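Asks: Protein chains in written order, with the numbering used here: chain V, 1 to 415; chain W, 1 to 470.
Derived by calculation from the structure, the hints in this document are not laboratory data. Keep in mind that this is a model prediction, so the values were computed, not measured. Just to be clear, a hint being listed does not mean it is correct.
[Claimed, not checked] Derived coverage of chain V by chain W (criterion: at least 3 residues anywhere in the stretch with Cβ under 8 Å from a Cβ of chain W; other residues may be distant): (1) 56 to 68; (2) 83 to 89; (3) 149 to 163; (4) 315 to 324; (5) 378 to 389.
[To be verified] Far from chain W by the CB rule (all over 12 Å, computed), these chain V residues: (6) Leu33; (7) Asp224; (8) Arg329.
All C-beta atoms, glycine included, are put in the ideal place defined by N, C-alpha and C.
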Amino acid sequence: MTLDEAPLLLMLVGLAAYAVLGGADFGAAFWQLAAHGERGVALREHAYRAMGPVWEANHVWLVFVLVVCWTAYPQAFASIFSTLTIPLFVAALGIILRGTAYAVHAGTAREIERRAVDAVFSISSILTPFALGTAVGAIASGRVPVGNARGDLVTSWLNPSSIAVGILAVATGAYVAAAYLAGDAARAGLDDEAAAFRTRALGAGVVTGAIAFTALAVVAADGDRVGERLLEWPALAAVMASAVAGLATLEFVRRSRFEAARYGASAAVAAVVIGWALAQQPELLPGLTVEQAAAGRSTLVATVVGVVLGAVVVVPSLAVLFRLVLRGRFDPKAAAGEHPAPQRRSRRGRVPLARFAAGAAALGLPLMLIFDRGPFLAIGVLALLTFVALASVALAAAAAANGRSDEDGPESPSG
Amino acid sequence: MMSLPLLAAAPFAPVDQDYLYEARQMQALSFAVHIPIVCFGIAFPAFVLFLEGLWLRSGDPIYRTVAKRWSKVMLALFAVGVVTGTILSFELGLLWPNFMATFGEVFGLGFTLEAFSFFTEAIFIAIYVYGWDRLSPRAHFLSGVPVVVAGFTGSLTVISVNAWMNNPSGFTLEGGRVSDVRPLAALFGNDFLWHEVIHMYVAAFIVAGFLTAAVYAFAWLRGRRGRYERVALVVPLTVAALAAPVQIVVGDWAARSVARDQPTKLAALEGLYETESGAPVHLGGWYDGDEVRYGLPLPRLLSLLAFHDPSARVEGLHEVPADERPPVNVVRFAFQTMVGIGFLLAGISAVYLFVWLRRRRLPRSRWFYRGVVAAGPLSVVALISGWVTTEVGRQPWVVHGQMRTEEAVTGASGIPIGYVSLVLVYAGLLAAVVWILRRLAQAPVEVESGPRGVAPLLAGAARREGEAER
Ligand code: HDD
Ligand code: HEM
Ligand code: HEM
Numbered sequence: 001m002t003l004d005e006a007p008l009l010l011m012l013v014g015l016a017a018y019a020v021l022g023g024a025d026f027g028a029a030f031w032q033l034a035a036h037g038e039r040g041v042a043l044r045e046h047a048y049r050a051m052g053p054v055w056e057a058n059h060v061w062l063v064f065v066l067v068v069c070w071t072a073y074p075q076a077f078a079s080i081f082s083t084l085t086i087p088l089f090v091a092a093l094g095i096i097l098r099g100t101a102y103a104v105h106a107g108t109a110r111e112i113e114r115r116a117v118d119a120v121f122s123i124s125s126i127l128t129p130f131a132l133g134t135a136v137g138a139i140a141s142g143r144v145p146v147g148n149a150r151g152d153l154v155t156s157w158l159n160p161s162s163i164a165v166g167i168l169a170v171a172t173g174a175y176v177a178a179a180y181l182a183g184d185a186a187r188a189g190l191d192d193e194a195a196a197f198r199t200r201a202l203g204a205g206v207v208t209g210a211i212a213f214t215a216l217a218v219v220a221a222d223g224d225r226v227g228e229r230l231l232e233w234p235a236l237a238a239v240m241a242s243a244v245a246g247l248a249t250l251e252f253v254r255r256s257r258f259e260a261a262r263y264g265a266s267a268a269v270a271a272v273v274i275g276w277a278l279a280q281q282p283e284l285l286p287g288l289t290v291e292q293a294a295a296g297r298s299t300l301v302a303t304v305v306g307v308v309l310g311a312v313v314v315v316p317s318l319a320v321l322f323r324l325v326l327r328g329r330f331d332p333k334a335a336a337g338e339h340p341a342p343q344r345r346s347r348r349g350r351v352p353l354a355r356f357a358a359g360a361a362a363l364g365l366p367l368m369l370i371f372d373r374g375p376f377l378a379i380g381v382l383a384l385l386t387f388v389a390l391a392s393v394a395l396a397a398a399a400a401a402n403g404r405s406d407e408d409g410p411e412s413p414s415g
Numbered sequence: 001m002m003s004l005p006l007l008a009a010a011p012f013a014p015v016d017q018d019y020l021y022e023a024r025q026m027q028a029l030s031f032a033v034h035i036p037i038v039c040f041g042i043a044f045p046a047f048v049l050f051l052e053g054l055w056l057r058s059g060d061p062i063y064r065t066v067a068k069r070w071s072k073v074m075l076a077l078f079a080v081g082v083v084t085g086t087i088l089s090f091e092l093g094l095l096w097p098n099f100m101a102t103f104g105e106v107f108g109l110g111f112t113l114e115a116f117s118f119f120t121e122a123i124f125i126a127i128y129v130y131g132w133d134r135l136s137p138r139a140h141f142l143s144g145v146p147v148v149v150a151g152f153t154g155s156l157t158v159i160s161v162n163a164w165m166n167n168p169s170g171f172t173l174e175g176g177r178v179s180d181v182r183p184l185a186a187l188f189g190n191d192f193l194w195h196e197v198i199h200m201y202v203a204a205f206i207v208a209g210f211l212t213a214a215v216y217a218f219a220w221l222r223g224r225r226g227r228y229e230r231v232a233l234v235v236p237l238t239v240a241a242l243a244a245p246v247q248i249v250v251g252d253w254a255a256r257s258v259a260r261d262q263p264t265k266l267a268a269l270e271g272l273y274e275t276e277s278g279a280p281v282h283l284g285g286w287y288d289g290d291e292v293r294y295g296l297p298l299p300r301l302l303s304l305l306a307f308h309d310p311s312a313r314v315e316g317l318h319e320v321p322a323d324e325r326p327p328v329n330v331v332r333f334a335f336q337t338m339v340g341i342g343f344l345l346a347g348i349s350a351v352y353l354f355v356w357l358r359r360r361r362l363p364r365s366r367w368f369y370r371g372v373v374a375a376g377p378l379s380v381v382a383l384i385s386g387w388v389t390t391e392v393g394r395q396p397w398v399v400h401g402q403m404r405t406e407e408a409v410t411g412a413s414g415i416p417i418g419y420v421s422l423v424l425v426y427a428g429l430l431a432a433v434v435w436i437l438r439r440l441a442q443a444p445v446e447v448e449s450g451p452r453g454v455a456p457l458l459a460g461a462a463r464r465e466g467e468a469e470r
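Kindly produce the complete structure, drawing on both the sequences and the hints.
Replies: Here it is, written out as structure tokens:
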């Protein structure tokens, strides 16, 4: 692998993660749309609860792919976004609507409100992956030329390949989500929900498999060389691996071995992403190879180093989050568990915060007024910010504590 | 200085776009929605952690109650911040492909690093908010710390991009292609970065502080003056009241940096046409192409403010060709609005701090609380005005001195349709945010002492100390 390709590899990792994790998130909403009646309410609540803690982190994968793309392959990014304006704009609107629905879901009280929020949520959750899928189909079928909006604004994404990949994206999400939710419900001891999602996962698995084969055929027939190469070595190996993983996943679901199913489904999705990348090689867009598209050396090095350093922080953090969620630590019944009482520490002598704060202000103010740049200015800025922080702590703590029943007015029932 | 005229056949040559103005409006609208919301992503976690810290130290359950309720608000607003930010990322490609294609490799690193701040923030905000009652008190408190840190690093990295657009360096531009790119120097070796970050960071505390305080000041005026309201009023108000005067000093630093690196923007701030020594400031009035009319002149003030020297020479707008001047009245009006509000906020803060330091109580006048209610929305106006100053003052350049905005725009049609849909979706978003905040506020306040049987940190020590003070 060359330096030019390194960011691409990072993007593929991000794309696979988004397809699996973001896909599950979209798919959960798909099942909410399909759920009816009293049973439906339970399923819907379960889906919200299961996805609530993780959807934002899942979503950042998309942002990650975008920013690495525009840093490392700026011309490819600009070409894709300007030609595929319509589907990407639709995806953007869908993302706003979904996030809003997540934000307000917690406040819904009446059935009619819940229905309205659910409807917005589910529709946008289908629209968004579909739109993103059409964009992928457009790139894979060579319909995005290099340049500012040089491709056809409509047929670039309204064509057999795009539609096929769009539908596949929605179906995959639904499948991954059903498998995930079944596992989550089983862990939480919600047997009814687990059985319901298991049935859905089996059905969705069969349907998704069929859609995947159809999509492969459509892209192969419709696209240019990329489509054909999907059926040649080495992309074909990845496609077959995906099929095997998909079948294995179905079997795991059937046996209610949901954890294995989760990994199987992830592998199946990741293999498709890899297959696509292999079929595209060495071009990103028609006439634009990875090498030609790549930014200069210093940018690529900085990007790769930056991502590696970032990963050192983020990967363990993500692992903690997923462990907490998958072990059910955020389930309602886990509340108020048996936490060891924190040890009392003896209080160190009271820090004269207010005096420090005044000192910091006296140091920072003149420095900031005198210097325009350089280390003295930096000291001044830090001193002044320290003043705000220390003085806030000192004053706010005192002002909040004071006045239990003071002169400010009669104590009234709060609310 | 303009980029060389490109061959028409070049893939990212300038295009004809009838709706450049609408594209700019779309970008501006999306920022104007994102920025006030992320102020809460930056400052609110600090408020909540502070309250939780007070609870751990004192054991008084009221602090925990406020912190827990606010953390729900924080999560809802974070979700909205996430989606509005995502739109911004999309829009950079959808609206300004030539800008991205040409300069993405110079500034993109800023956003790549920002993505990791987002990851961190999203992960730990979830752990924090869902972790109430499920993690040990100390682990819970600590899980909030990365959220606060990521709020700062996120602003730092994204603003490094904006600072670079205003004061670009770290690359060579030839024939529409960059070479010799030094991304770290471009983003972080830039003098412009530091005043922008600090000014914005302080602004976030002002906006989140006064807006939150405004809610409880309103309740105060309506006679709801319990412990809960008092704590919820006093904490954000104190922070904002301390930040507001400091913001004037930071703004002064910003103005000096602008004077040094973007003299044309500075001239636009005042509407100064001719280069002058000892240039004045005019309050109010109207710039009509060569001077400010009907304004109240304050002699030599501009020289004093911009260079800290009452007779310094200030470059006027006529130093650059007419088509390289920003729309002066917009910039000037926005700037004066920000500064005016800045002094107003500092005035309200002074009243609060004075009464507290002298009398150890809150102000009693109803006018003070009315002022705080007004300060909330006003601080948002100042925030947006500040950004309009920076961004419109940068016009006609998208990358100052290197690429003009009309060279950056997309060739795709249909911008007006996109604009209208975006406005509608944002209107729905705002309605939804208002609705959820009201819902969360209506939930009855239940003071609970926290996880069963847990003695908060230092509870005993704090009690002993309270006795000693008495
Ligand atoms: C609560 C918000 C707020 C308040 C009270 C003020 N500002 Fe501000 N100002 C901003 C919020 C802001 C900002 C966060 O919106 C900007 C936009 C870009 C930036 O770095 O900060 C800004 C930009 C900005 C700029 C342009 C910087 C640039 O183009 O790089 C100047 C010269 C000032 N401010 C000066 C001031 C002064 C002299 C103030 C004194 C009262 C002041 N600001 C109060
Ligand atoms: C003054 C400038 C900006 C500041 C201070 C800022 C700050 C933030 C913060 C604190 C968040 C976290 C969400 C929240 O707290 O609600 C956020 C989210 C986001 N912002 Fe901004 N932002 C700025 C401008 C931009 C710009 C110019 C872009 C892109 C072009 C952008 C893209 C994003 C994205 C993609 C997210 C979502 C991240 C996620 O998925 O978690 N922001 N921003
Ligand atoms: C911090 C990161 C930011 C980045 C990278 C950024 C980038 C951009 C870009 C690419 C444009 C379009 C090109 C142009 O018109 O010059 C633009 C325009 C604009 N932005 Fe920003 N911006 C940032 C922050 C903000 C914020 C926080 C606001 C707040 C409201 C804002 C307000 C505007 C306005 C008003 C315009 C339109 C200017 C005009 O057309 O006259 N920007 N910005």
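Asks: Confirm or reject each hint.
Replies: Right, here's what the structure says about each hint:
Given a C-beta distance limit of less than 8 Å, the hint that chain W covers the stretch 56 to 68 of chain V holds, as 10 residues qualify and 3 suffice. Given a C-beta distance limit of less than 8 Å, the hint that chain W covers the stretch 83 to 89 of chain V holds, as 5 residues qualify and 3 suffice. Counting residues of the stretch 149 to 163 of chain V whose beta carbon lies closer than 8 Å to any beta carbon of chain W gives 3, which meets the minimum of three for the stated coverage. Counting residues of the stretch 315 to 324 of chain V whose beta carbon lies closer than 8 Å to any beta carbon of chain W gives 5, which reaches the threshold of three, so the coverage claim holds.
Coverage of the stretch 378 to 389 of chain V by chain W holds. Counting CB-CB distances below 8 Å, 6 residues qualify, and the rule asks for three or more. With a minimum CB-CB distance of about 19 Å to chain W, V:Leu33 clears the 12 Å threshold, and the non-interface call stands. No beta-carbon of chain W is positioned within 12 Å of the beta-carbon of V:Asp224; the least distance is around 19 Å. With a cut of 12 Å on Cβ distances, V:Arg329 falls inside the contact zone with chain W, its closest approach being about 6 Å.
Figure legend: structure checked against the earlier numbered hints; the only hint not met is number 8.
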